[in-house]
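Novice: Each chain is listed here by its residues.
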Amino acid sequence: MKTQLTLKLNGKTVNWEGDSSRKLLDVLRDDLGQVDVKCGCREGECGACSVLIDGLLVNSCMFAVGAVDGREVTTIEGYRDTDRFRALDKAFADVSAVQCGYCIPGMVLAAEALLAANPRPTDAEVRAAISGNLCRCTGYNAIVEAIVEASEEGEGLW
Amino acid sequence: MHQISQHVMKKDHREKIDGTALYVGDFTQQGALCARLVRSPHAHARIEAIHYPRFPEGYYKVDAADVPGENIVHVVEDDSPVFEADEVMFIGDPVAMIIGPDPALVDQLVAATVIDYRELPAILDIHDSDKVFFDYHYHKGDIDAAFAVADKIYEEDFQTPYQEQAYLETQGVIACFQDGQLTVHGSLQCPYYVQAAVIKACGLSAAQVRIQQDYTGGGFGGKEAFPSFIAAQAAVAAMKMPGKSVRLVFDRREDMEFTSKRHPSCCHYKAAVKDGQVTALDIQVLFNSGAFTTLSPVVLQRGIIAAPGVYNVPNLRVNGQALRTHTVPTGAYRGFGAPQTFFAIERLLDHIAADLGQEPIDFKLAHLVKQGDATSTSGLYHFPVPLPQMVAKVMAASDFRSKRTAWAQPQSGRVRKGIGIALWFHGAGFTGAGERDHIKAVVRLRKLADGSVEVLGSNTDIGQGIKTTFAKIVANELDLPLELVNYHNPDTALVPDSGPTVASRSLMTVGELFRRAAVQLKEQWQDGVEQVVEEHYHEPDFMLPFDLPTFHGDSYPTFAWGVAAVELGFDSLTGQNDILGCWACFDVGTPIDEQIVIGQMEGGVLQGLGYSAMEQMAYDSTGRIRNHSYSDYIIPCAADVPKLDVQLHVEEFPFGPYGAKGAGELPLVGIAPAFIAAAEQALATRGLNHIPLTAEESLAYLSAGQKELAK
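Just so you know, the protein sequences line up as chains G and U, in that order. Letter 69 of the first sequence, counting from 1, is numbered 69 in our numbering, and no numbers are missing. Letter 145 of the second sequence, counting from 1, is numbered 145 in our numbering, and no numbers are missing.
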């Protein structure tokens, strides 16, 4: 059954029509060309497809597109022009936290969701907050360090 | 540390963090044909007939009958077909492929394809194998004499399981045949391996086949040989449908279940001890190769060369076999055969030491090889062996002695603790004469008229940072700003064959070729014109040539060294373990970028901890891999581990760029024995000779201990 819905995607209003039970991930990547959202497992385990829905971190593969009607979806493309992104970007670069890069867009959005709720997290709080975002390359040290650094250097942004 | 070690922003940082880097699955599907494989449901069966459904317009089958060249995927021994025609050899073995524009309809057509099979007996267990793919032997000294005069003889068996690379980006390629030219791009480590496979399967010339690497979301060995299979399959389909892009991108389940993983192993070790020293080792190493040979010969070579570990044991007899079973073919994974044998030798020495009433680390230090000693293959340790200093660093950082002593006492309370330590090496670069006889690497630098330099080679940046480190080497030698020196994702039409991205060779071997090319360019430099220089690999003169039939000579030009201590706490109510600490020290020579190296070391350590603690993969009674998602194959998440403590020790290798050695594989190799040593202490048991260690098993040891206490 076709449903019409309207969402705000990275600040722009998008009208979409289709089967409302489809995965948000598939609609973002296949219909809307939003390939900055990476697909790692398509079953809610790896976090590579993380997006923000009204600021809440979700695995877009576990979210039916019908549920975003009237809501605001932010992917890394809609986040990368913000000062908060710039603080995270600098911190990730400073500690060389990016290896293969596949988990990184999702990881950065997970960091944003954490810092928005808790601007000065501890190491353990960072680890808990990104525990739904798998990384096979780094061992996580650098990513945790980058997020803590961003929270300190980006004082006042969150 | 060398000034080049100072970190810079990684060359590919920007596009990876802002989401603009395109991985193969990110290319548009508009106009492309989706490809899905029809796979065998049987571990071993004869194909009697294939019944395809009626295909709607624009949908096609591709199978063995469509292969224009030889129906073989070229790896080493050329025994695996592009598509099976007569007999299937494992569950998941590809028989055909369906292509068409709509993925959902392609899936339906795959499901509607009926294949008549006559089932044949399937061999799953390596101990039942009826085919030895590779059987290697080597020896040193007089083993029989050593055993004859031994004070005591120890014999133990060790088992290690599959390990799945679990890179975050699944395997995928896109192939297109147009105007007589076949192009394949995708997620891969070795463009020229893929090119050779496609040439053979498609019957084309090298000039007609172009392979391009896309941004690659991790490899760890999993994208060394396997991309050759899917590239050959997609290429065959592309030749059938000229002008169309054929897109073969795996989903996670397909990737985990049917792509190559680390060889499961069974090792039998027998040791002779005389006057408190291990004087002889008689070793048998068995690897499960799965249905085909893939990379097993080379994996096995590395495994058995490492079999006596970092210890000077004068008398050796080593036999290694890679055996066929009707299971998914195994292949390359970081460490490449060595994690299996290092697990065995480290555990064995822990147990012998305990039996002799010695602290294992002291017993091990008393057996260490040193510079000038013979290697297992009667080559030489040409360069310093810094293990004693590295052990001291790790023991100091982890407060090893006091913890080890305290936890050796009977423990009570809910959490039981233990700490263990392991020592190892990684032979840096290709095994044996591979670099000299097979790879013959060539690199090029192209200086443009504007003064910028393109660094040209076929090695791929799969996260390990060679876009940055290669550029740093060249920029440093030419005194150029780093922005003017660039290394791009390789394209076989544009770059020479500098060899595969494997064996921790890229930076050490190819990086040195780039450094020498840069020296050459600097000598010839002329402003305002384009210039090209080329360098070829030559084996360093100091090496004793390696002879494969006898396993005699220098197996590696040099070694990278590793030491790690792991501290565990076990919950005596649940059996769950917590990794409380991990301290490691690595010598990979001069780091070309300290942060990149530290990142590699931390990532490898964590894969080693996963291998030890949680990554459990097995086949069921039919031979089917049971684990095919991150839900049932658990890899470590950020909350599973504390901050890993990694230090570097630098022994410069004079033949690597600025003293660099191989790095990428090293950190994973010896983590498992350190982990299990810690578990043995915490669980107050001995003889844990397998990984991973499950909570159920730990609980059984803990309850047995409780009963013992209650008596």
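A few of these clues could be false.
Below are the BS3-like pairs computed for lysine-lysine, each with C-alpha atoms no more than 30 Å apart in a straight line [as the list claims (entries may be wrong)]:
hint, chain 1, residue 1, chain 2, residue 2
1, U, 270, U, 131
2, U, 467, G, 90
3, U, 131, G, 90
4, U, 417, U, 403
Source of the hints: derived by calculation from the structure; they are not laboratory data.
Novice: So which of those numbered hints doesn't the model satisfy?
Specialist: Those not satisfied come down to hint 3.
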